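Chemist: Sequence:
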Amino acid sequence: MIILFDLDGTLIDSTEAILESFSVAFKTFGAYIPDDEQIKAEIGHPLDVMFSTLGVEDVHVEAHVQAYKMHYRKISCAKTVLLPDAREAVELASQHAVLGVVTTKTAKYSIELLEHMGLMTYFDVLVGREDVEYPKPHPEPILKALAKLQSDQNKYWMIGDTPMDILAAKAANINSVAVTCGYADETLLLEHTDNVSKTALEAVKFITLQ
54 MIILFDLDGT LIDSTEAILE SFSVAFKTFG AYIPDDEQIK AEIGHPLDVM
104 FSTLGVEDVH VEAHVQAYKM HYRKISCAKT VLLPDAREAV ELASQHAVLG
154 VVTTKTAKYS IELLEHMGLM TYFDVLVGRE DVEYPKPHPE PILKALAKLQ
204 SDQNKYWMIG DTPMDILAAK AANINSVAVT CGYADETLLL EHTDNVSKTA
254 LEAVKFITLQ
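Here the sequence shown is numbered in the numbering used here, starting from 54 and rising by one per residue.
The set of hints was computed from the structure by calculation and includes no laboratory data. Note that this is a predicted model, so its numbers are computed, not measured. Every residue gets a Cβ at the ideal spot worked out from N, C-alpha and C, and that includes glycine. Zero decoy hints are in this set.
Here are the simulated DSSO-like pairs of lysine-lysine, each with C-alpha atoms no more than 27 angstroms apart in a straight line: (1) 80 - 122; (2) 251 - 132; (3) 161 - 132; (4) 80 - 132; (5) 127 - 80; (6) 161 - 80; (7) 197 - 208; (8) 208 - 251; (9) 197 - 122; (10) 258 - 223; (11) 132 - 93; (12) 161 - 197; (13) 122 - 161; (14) 197 - 223; (15) 197 - 258; (16) 223 - 251; (17) 201 - 161; (18) 201 - 223; (19) 127 - 161; (20) 132 - 122; (21) 80 - 93; (22) 161 - 93; (23) 208 - 258; (24) 93 - 127; (25) 93 - 122; (26) 93 - 223; (27) 223 - 208; (28) 251 - 93; (29) 258 - 201.
Cβ-Cβ distance ranges computed for the label pairs, FRET-style: (30) 148 - 123: 36 to 42 angstroms; (31) 89 - 148: 34 to 40 angstroms; (32) 208 - 94: 31 to 37 angstroms; (33) 224 - 83: 38 to 44 angstroms; (34) 173 - 127: 16 to 22 angstroms; (35) 127 - 149: 32 to 38 angstroms; (36) 148 - 82: 45 to 51 angstroms; (37) 119 - 251: 34 to 40 angstroms; (38) 119 - 208: 37 to 43 angstroms; (39) 241 - 203: 30 to 36 angstroms; (40) 161 - 262: 31 to 37 angstroms.
Please build the complete structure, drawing on both the sequences and the hints.
Modeler: Below is the structure:
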């Protein structure tokens, strides 16, 4: 079995670091700063898409992204925490499956965070934004992770907290479980899958019973 995890909102809570980095990026260029709820509603999308959706003109998006990344890297480890039962979820999953991470976050920062939290050794692959041309909900990130694992297993699962995770799994023709510990509410998630759990640990327990 292979289990792929999303990162933000599924295993980790980096909301404070994300919001602070967006604030710094907007302030750097003297732009209007969206409120926190507007920003949180876009988490899970690539940074360039988020800034564009939040009103930054296309010509200025890349500069905002770089300002964000510069600040985020300084604070990410200190201002990111594991979600409840996330460590237990990974430990349990590792007893039943080969594990990977498929995230829209930059792979470099994702690896640093997971190493800081002592979890990176559980994962055989990590696919981040810079590893693919098309991020979730396109299937490319999931398909790339599966290709890197080169497994002959026939049970594949994706655990994530947004419709993009579920849509990517469907497009890649693998199973999925949505979790409500992240950035999308249960009502929205149920529009895309019947498999909804409260936490990653609950999702892993569900998967092991299938």
